[in-house]
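Chemist: Each chain, letter by letter, is given below.
Protein chains: 2
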Amino acid sequence: MAQLLPQALVAAIDELGKLPGVGARTAERYAYFLLRADSTTSQKLAASLTKLHTGVKSCPVTFALIDADEEVSSLYSDPERDKSLIAVVEEPLDIVALERTGQFKGTYHVLGGAISPIDGVGPEQLHIPELAARIEKDNVKELIIATNASVEGESTALFLQRYIKDKGLEVTMSRLARGIPVGVDLEYADQITLAHALEGRKAF
Amino acid sequence: MAQLLPQALVAAIDELGKLPGVGARTAERYAYFLLRADSTTSQKLAASLTKLHTGVKSCPVTFALIDADEEVSSLYSDPERDKSLIAVVEEPLDIVALERTGQFKGTYHVLGGAISPIDGVGPEQLHIPELAARIEKDNVKELIIATNASVEGESTALFLQRYIKDKGLEVTMSRLARGIPVGVDLEYADQITLAHALEGRKAF
Numbered sequence: 003m004a005q006l007l008p009q010a011l012v013a014a015i016d017e018l019g020k021l022p023g024v025g026a027r028t029a030e031r032y033a034y035f036l037l038r039a040d041s042t043t044s045q046k047l048a049a050s051l052t053k054l055h056t057g058v059k060s061c062p063v064t065f066a067l068i069d070a071d072e073e074v075s076s077l078y079s080d081p082e083r084d085k086s087l088i089a090v091v092e093e094p095l096d097i098v099a100l101e102r103t104g105q106f107k108g109t110y111h112v113l114g115g116a117i118s119p120i121d122g123v124g125p126e127q128l129h130i131p132e133l134a135a136r137i138e139k140d141n142v143k144e145l146i147i148a149t150n151a152s153v154e155g156e157s158t159a160l161f162l163q164r165y166i167k168d169k170g171l172e173v174t175m176s177r178l179a180r181g182i183p184v185g186v187d188l189e190y191a192d193q194i195t196l197a198h199a200l201e202g203r204k205a206f
Numbered sequence: 003m004a005q006l007l008p009q010a011l012v013a014a015i016d017e018l019g020k021l022p023g024v025g026a027r028t029a030e031r032y033a034y035f036l037l038r039a040d041s042t043t044s045q046k047l048a049a050s051l052t053k054l055h056t057g058v059k060s061c062p063v064t065f066a067l068i069d070a071d072e073e074v075s076s077l078y079s080d081p082e083r084d085k086s087l088i089a090v091v092e093e094p095l096d097i098v099a100l101e102r103t104g105q106f107k108g109t110y111h112v113l114g115g116a117i118s119p120i121d122g123v124g125p126e127q128l129h130i131p132e133l134a135a136r137i138e139k140d141n142v143k144e145l146i147i148a149t150n151a152s153v154e155g156e157s158t159a160l161f162l163q164r165y166i167k168d169k170g171l172e173v174t175m176s177r178l179a180r181g182i183p184v185g186v187d188l189e190y191a192d193q194i195t196l197a198h199a200l201e202g203r204k205a206f
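Protein chains in written order, with the numbering used here: chain A, 3 to 206; chain B, 3 to 206.
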């Protein structure tokens with residue numbers, strides 16, 4: 003079979019196909035869209051990707067993603083944020099989700115993943131010692147362990163709870179509430195969520 | 003609200019969000035994937051996008067996409083392809099779909115879309131005069147009108163049929179068969195497809 007598409011298009015399809023969840027058809031659609039659009043669209047996308055790694059670094063205290071020219075996360079350095087309260091999350095983007103609630107005035111600590119023996123991720127790969135150091139240094143009073151509601155997230159939460167206790171650190175620890183999401187009918191809730199919702203029921 | 007994500011990451015999310023069907027969450031996932039992956043992944047993607055427009059052009063005869071340094075589509079210049087038979091398609095990627103069947107030995111003509119008054123696309127925006135010129139020049143005997151099975155594709159097919167007749171061009175014209183796709187149960191076929199399948203039934 004002769005080559006059906008120009009090499010430059012095939013190259014773009016191949017590279018776009020490396021994005022997570024993007025199959026051959028979707029990659030074709032993206033590449034063809036970019037080809038039909040004004041060339042500035044693909045040029046601007048290319049420029050943003052070129053600068054992605056050099057423009058971003060990890061905050062050395064919270065491990066949130068920050069601008070390469072920042073020293074620490076502004077969510078940490080901000081004097082309005084309560085440094086004695088830390089929400090512990092798995093990934094940097096989880097911070098965005100929690101900030102969107104507008105309800106949290108503490109600081110964050112990104113673990114950099116969750117304990118997952120299958121994926122070869124043990125506690126030693128996560129930013130756990132740094133969390134212990136922060137608890138001592140910033141005189142932290144409360145930890146909200148906001149790891150995911152997955153098996154890995156739960157294991158990580160349990161591990162952290164024991165780790166902090168074993169270190170003799172005096173800090174209140176809590177876990178985000180499990181229950182029925184807003185707008186979801188009871189009949190569609192899975193049994194584990196429903197069991198959590200029953201257990202965590204609140205008095206009027 | 004303070005800026006939650008580094009500017010370079012926000013820029014990449016914004017640009018990725020311009021791809022068709024990509025919302026904010028998907029764009030975040032793509033950008034974060036690229037950020038976590040080795041920087042060569044985003045560099046290679048960026049490089050392929052930079053070269054996309056300069057590396058691709060339209061074949062002046064068939065309007066298929068070709069390498070910028072090619073003169074005409076290899077599917078047209080190939081002496082093994084029958085120039086007296088043309089499959090008329092809406093978009094360049096439709097050629098790839100037809101070539102995958104391995105059943106077609108003619109040449110292609112890309113219209114560059116379909117007639118769609120709502121989107122402001124009239125026959126004058128499509129490569130229809132060039133098709134008429136090809137029919138005369140290459141002594142074309144048969145046209146397979148392989149536009150989509152959409153309202154726009156059907157209107158375009160009807161328009162082409164009349165246009166070619168009005169020009170007094172003597173050429174056999176056909177349309178791709180409509181029917182039940184392979185592997186689909188009768189009960190899941192929509193009524194229009196089923197009506198087409200009945201009408202186009204084949205004797206044993």
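These are calculated hints, taken from the structure and not from any lab test.
Just so it is clear, the structure is predicted and the values come from calculations on it, not from any experiment.
One thing to keep in mind: the hints can contain errors.
A pair holds if it fits inside one copy or across any two, identical chains being indistinguishable in the list.
Under the rule of at most 30 Å between Cα atoms (straight-line distance), these lysine-lysine pairs were calculated in the DSSO-like manner [claimed, not checked]:
1. Lys-46 to Lys-20
2. Lys-46 to Lys-204
3. Lys-20 to Lys-53
Chemist: A separate judgement is required for each hint: does it hold in the structure or not?
Modeler: Verification of the hints:
Both within a single protomer and between protomers do Lys-46 and Lys-20 lie at most 30 Å apart by alpha-carbon distance, with minima of 19 Å and 11 Å respectively. Neither within a single protomer nor between protomers do Lys-46 and Lys-204 lie at most 30 Å apart by alpha-carbon distance, with minima of 51 Å and 53 Å respectively. In the homo-oligomer, the alpha carbons of Lys-20 and Lys-53 lie at most 30 Å apart both inside one protomer (19 Å) and across protomers (18 Å), since each shortest distance falls under that limit.
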